[in-house]
Structures are given as structure tokens and as C-alpha cells.
Amino acid sequence: MTALLEVEGLVKHFVAERSLFGRALAHVKAVDGVSFSLEAGKTLALVGESGCGKSTVSRLVLRLIEPDAGSIRFEGRDLLALDASALRAFRRKAQIIFQDPYASLNPRMTVGQILTEPLALHGLVPSAQRHERVAELLRLVGLEPRLERRYPHEFSGGQRQRIAIARALAVEPKLIICDEPVSALDVSIRSQILNLLRELQDRLGLAYIFVSHDLAVVKHIADHVAVMNLGQIVETAEADALFSAPSHPYSRALLSAIPVPKPQAKRSRIVLQGEIPSALNPPPGCRFHTRCPYVIERCRTEMPQLVPDGIGHATACHRTSELPSSAAIVPSDGGFSPVLEKLVAAFSGGPEAVRGSGVSSLGTHPA
Amino acid sequence: MSGSPLIEITDLRIRFHGDDGRITHAVDGVDLSVANGATLGLVGESGCGKSVTSLAIMGLLPKQSAEISGAIHFDGFDLLKTPDQMLRDLRGNRLAMIFQEPMTSLNPSFTIGDQIIETILRHRGGSRKSARERAIDLLRRVHIPSPERRIDEYPHKLSGGMRQRVMIAMALACDPRLLIADEPTTALDVTLQAQILELMRELKAASGAAIILITHDLGVVAEVCDEVAVMYAGEIVERAPVDELFSAPQHPYTVGLLGSIPRLDHRTEQLATIEGMVPNMAQPPAGCRFAARCPFVLDACTKAPPPLIEVSPSHLSRCIRAPLERLVS
Chain A
0 MTALLEVEGL VKHFVAERSL FGRALAHVKA VDGVSFSLEA GKTLALVGES
50 GCGKSTVSRL VLRLIEPDAG SIRFEGRDLL ALDASALRAF RRKAQIIFQD
100 PYASLNPRMT VGQILTEPLA LHGLVPSAQR HERVAELLRL VGLEPRLERR
150 YPHEFSGGQR QRIAIARALA VEPKLIICDE PVSALDVSIR SQILNLLREL
200 QDRLGLAYIF VSHDLAVVKH IADHVAVMNL GQIVETAEAD ALFSAPSHPY
250 SRALLSAIPV PKPQAKRSRI VLQGEIPSAL NPPPGCRFHT RCPYVIERCR
300 TEMPQLVPDG IGHATACHRT SELPSSAAIV PSDGGFSPVL EKLVAAFSGG
350 PEAVRGSGVS SLGTHPA
Chain B
0 MSGSPLIEIT DLRIRFHGDD GRITHAVDGV DLSVANGATL GLVGESGCGK
50 SVTSLAIMGL LPKQSAEISG AIHFDGFDLL KTPDQMLRDL RGNRLAMIFQ
100 EPMTSLNPSF TIGDQIIETI LRHRGGSRKS ARERAIDLLR RVHIPSPERR
150 IDEYPHKLSG GMRQRVMIAM ALACDPRLLI ADEPTTALDV TLQAQILELM
200 RELKAASGAA IILITHDLGV VAEVCDEVAV MYAGEIVERA PVDELFSAPQ
250 HPYTVGLLGS IPRLDHRTEQ LATIEGMVPN MAQPPAGCRF AARCPFVLDA
300 CTKAPPPLIE VSPSHLSRCI RAPLERLVS
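The listed protein sequences derive, respectively, from chains A and B. Numbering of the first sequence is given in numbering that gives the first Met the number 0, commencing with residue 0 and proceeding in unit increments. Numbering of the second sequence is given in numbering that gives the first Met the number 0, commencing with residue 0 and proceeding in unit increments.
Please note that the accuracy of each hint is not assured.
Okay, the calculated beta carbon distance ranges per label pair [said to hold, decoys possible]:
#, chain 1, residue 1, chain 2, residue 2, range
1, A, L123, B, S145, 21 to 27 Å
2, B, K80, A, N105, 46 to 52 Å
3, A, A119, B, Q269, 52 to 58 Å
4, A, L24, B, H142, 30 to 36 Å
5, A, M108, B, G159, 44 to 50 Å
6, B, A285, A, P106, 33 to 39 Å
By construction, these hints were calculated from the structure, which means they are not laboratory data. Here a beta-carbon is modelled for each residue, glycine too, at the ideal position from N, C-alpha and C.
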């Protein structure tokens, strides 16, 4: 089976400073040789600190910005060779949801107009049936069809993110890029959107590229994870494998720092010393060596390659085989206490799950 | 909490008068206390009143639009009745605050050294030279590399994590008795968050200051707090020692919150969700404010506002169905 998306050696350098005559003097090496592939119906998460290039990668994949080098193949076709009309056709298959649902919806358009626009633009649904399709899209994301006459400002953050998802779904894409889709939302709303994204994936066979800095969310939603540091992937693995045995020292530091909702959780946190080096002038050799607790001389001069271990786990570190065991690096939250487990189940099960519950007349409103 | 508390808030009510004549009840009868050296987590979602409570402690709410009643006893003062001049002596001295946005809470046109030194001179006096030495020492305590050089830099030269450390250094400049930290790590990456939390723990151990940590991140709460107060729609709905809150919560809202965060050790297809919306605080509902979203609701819940009851020693819940274990055993 060929992958839905194959990215090979992607490079993007932004010009940071120009001379008086417009010659580039300095480059930000935002993405520097990134390769990965994604199968249909799966989720790949890109994780890393601010400025590691994860958002740039997601924009490159859609050709919202043009790469300097590398190749992107979508369903076997080279995206970089597409002309304008073919690119427009491709955009039907790949969509994006942004972090800020307050900024990504046009405040002057009603929800109906927002959702009709992609249908008209791609000539997908005859105009007579568009109204029906809008209603269907709203139901799909858990909103009532009668809300189509309202404007974005009349909705809460979680509802707006649902509208953004409906807009992405309007063109029936195969790939949706989710760039920090829940970071701006409150905890309880966040879980609704995560549940929705998962449910839609199961129903519609969507593939996601999920960009996030919240690692517990990533563990929950991703099949595969790529850890990025300063424009490069330093480790990639199945989500479960990565979280049970992170291999690269950077991944270890990142995962060990996750705050877990369990007081006195057992952990062996690796607190990184030093600042994140600038992508303007990344250090030679391994780009993590300035902060790495396991650094040796070789790391300062020679850049490590991403080496696969044969079972789907690849790490870019000279010392992979010599590092101490990764046991107990990822903090354990022990799941729920028995009481909490039952309470959460009852909470989710609604009034009928609760012993001796009196009424259900108060009916809740979908958010 | 044993002994007399460092800060004791009783029946704090804050109402905002909008331009259109509407009155919003942002905080409605909050009682809180923090003992010396303890860390209290104040948890809740956007708009629940947690930040407004902290601004009231600091005396930073606009006098024209905010109507405040109740009492905030701190160190022998009632902060709500203290004249502005005296409040200015307390703020930055015995009372200090760290804000979420390290980018906007430092003045861009002064060096970080100037800003820390100003605080020291204002409250402690002494020579500029000795204040500068103290500032360098503070920067070193918050692990800013080569503080002798950094002290003369402007905020824009520093990264987000460094700026937050400068904010902490400034807050600690006069050894405050109470430090209020409003979402101090929300804008930071996990690795930096780990550094800052570590730092706060270290500093608390060294200085014995009490901390009120305001956050929506229950992971952070579990890590640094001794006690937690959960706020919903302007009220405290549950208050408990941190262990108990996470193992046996006694308010349905807390149960919903705990169920809605993805766990590392607990793979579920579906996360718990809290359906519905926060009530309109211009007209709070007559009964329990969470009733419309609560799966455990009874008729009685909507009739009268539930009192904050003691479910077990030092564990309070504003739910007539507590203890909740009864509902599921």
C-alpha cells in the first residue's frame, strides 16, 4: 500500500536579514531535511518546542509556502510539479484547521456562507442542494443546522472550532492538518473537540497531521509521532513505542517534563539546562548538543542521521546504543483511582448511570 | 490548615458594572485562606473568576467599574480597606505577583536591571550600587546565565522562558510573604515549564513564602500545590488537599474536569466532556450553578443554592449529593 503523503528531504530557509541591495545575509533554517510518510486514515503528530519548525512543515505540506528543496508526494503525485489549477484540485483533498478559532473565521460571513464558500469554489454541490449540505455538515460536527444564519462572534471558542472543522470537512478531504487545534480551548471543551476529531476520523477515514506541544493530547490522538528539534526530526516512532521507550535524549527530556495529574507522581525529570539555540545559527554537529546531558566530542562536529531500528522506530543520535535505559522517564500518572474511574464513568454515562438519580428533565444543550 | 493563616479571604464578592448597565457577578462569596509556606492551587476555566480574585487581592481592579465587598486579611491589614498609598508599600514588597504573559509585563524601554533595581530601591532603599548587586544575585537565583552581563539587557533580547524568570526575580526582589502566580507557565514550552516549576519549588523551600497558583492545568496543580480550590461561575465548588482532590473528588464539575484530560497511562477512546455552557453571570441561576450541565442533578439542586459542606475534614464541596462515592458504589 502506498502512503497517502510522502515527504522527502524537505528544506525551508527564511531570509532573516538582507543587505542594502537585497542580498540575503542571514537565513532562519526553519526546516532542514525533514522526511516522513503518512498513511490514509492515520494520525501523525509533530511535536517539539516553539520554533522547531513543526508549523512550517504543516504549511509546506499544503504548499501554502514553497519549499526550497525536497519532494512532497500526495497519493503518488508530486505536489511541487502541480500548476495552479491542479493545486486547487489538490487543496480539495487536504485542509487545515488553525489554533485560534477567533481569527480563522471571517467575522462578516454567516456560518452558512462560511460553509457554502468551499462548496461553490470547488463546484462540489449544485446550488440547490447546498443548503442541505450545510445542514449536514453542521450536524456532523455536533451543531444544530438552525445556527447557519448566525455570525462567528455569536459562538463560543469550542463552537467556533467546530465550525472551522465543518469548513475543512466541506470539501471531503483525505488529509486535515490540525495546527494546535485545542491549545486555545478550555479543558472541558478541549476534550469535546478531541473526541470529535477522533470520531470523524473513524467515520470518514481521514488522515491527520497533528501539530501540538501538549504531549498528553498527542499520546491520546496520534498513531505515529515525529519529534522535531530546530528544523529536524530527531526521533520518529509509533506513539505507544515512543511514550514507553523514548530513545533520543531530546525526546526523553521533552516527555519527562510532562506534568501529570497525579500528586507525587514518580518521575525522573530531566531538566534541560541552557537556552534553545537559535535557528538563525544552529550549532554545528548535532543541533541538540548544547543542551544534551550525554554529549561527547563527536556530537559537536558530526550531524547524526536518522537511523531506523527495523521495527519502525528511528533515532538521530550517535549514542543511541549507549544511553541508559529509558525506563521510568515518562512520568506515570497511574490512570484513575478506582473511585474516580467509577465517577468519571457515571459522569459520562449521564443521569441513567447514576444510582438513585431523580430527574433528567433538565436536558443539557450541546455545546 | 494549622495556625493562623497568612491570608484570609472572607465572603469576597466582585461585581462589574458594564457600560450598558448590566451587572456581572464575577466572584460571588469566595472564602479562602492560605497558611505560611503553603501552596494553594486555584483552578477553573476561563471566566470562572480566578484571575479576578487574584487581582482583588493585589488591589488592581478598576475602582470605577468593580464593586468589591467582603474582607481580605493579610498580615494584619484588610486589603480592601487599606488606602492606596499603603497598598503601594505592600505590593512588590510583601505581596508579589507573576503574570501569564512575560512578553507584555516587562517594560520594553528599560533594561531588566533597571526594573528590578527600581523595585528594590522603592521598598528597601539603600544605594543604587547595593541594589544592583542584589539584582544580580536575584538573577543568579533564578538561573539566568551570566547575570552580570544580562542585567543590562532589554527585555526584547531575552527568550520567553528567560523573561518569565526575570519576572520571578522581580517578584522575589523584596522577599514577599505571598506570591500570586497567574498561569505562570501557560505561555511556555513543556521543557521551560519544567524549569520554571522546579524554580518555584526551590524558591518556596528557600524563602518559606506562600503561593497562590492560578491555572487551568491540573497537571501543574498536582505537581506543585498542597491544596486546591476549584472555582466555577464565581464560586468555590470544591476545596481539598491535593491528594484527595485527585483521588476522590467530591463535586461533579471536578469529576468532569479530571475525566476530560487525556492520561498517559489510561488509553480511552472517549474523553469525558462537560456538556452545555457556563451560566450567564448577569443572571446567575437560582439553584446550583452547575445544575444545567450536571449528570447527577436532582430536582432539589435547582431550587436553592447549595452550601459549601464539609464532606470529610478539610474537604469541602458545594454539592448536595456529596459524598459522591454513594452514587457509584
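Please check whether B/A285 and A/P106 have a Cβ separation lying inside 33 to 39 Å. Roughly 35 Å apart at Cβ, these two residues keep to the hinted range, so it holds.
Note whether the CB distance of A/M108 and B/G159 lies within 44 to 50 Å or breaks it. 34 Å, violated
Using the beta carbons of A/A119 and B/Q269, state whether their distance is inside 52 to 58 Å or not. Cβ of A/A119 to Cβ of B/Q269: about 35 Å, so the range 52 to 58 Å is violated.
30 to 36 Å was suggested as the range; check whether the CB atoms of A/L24 and B/H142 agree with it. 33 Å, holds
Is the gap between the beta carbons of A/L123 and B/S145 within 21 to 27 Å? 60 Å, violated
Satisfaction of the hinted span 46 to 52 Å by the C-beta atoms belonging to B/K80 and A/N105: Once the Cβ atoms are compared, 49 Å apart, the range 46 to 52 Å for A/N105 and B/K80 holds.
Hint compliance for this structure: hints 1, 3, 5 are broken, all remaining hints hold.
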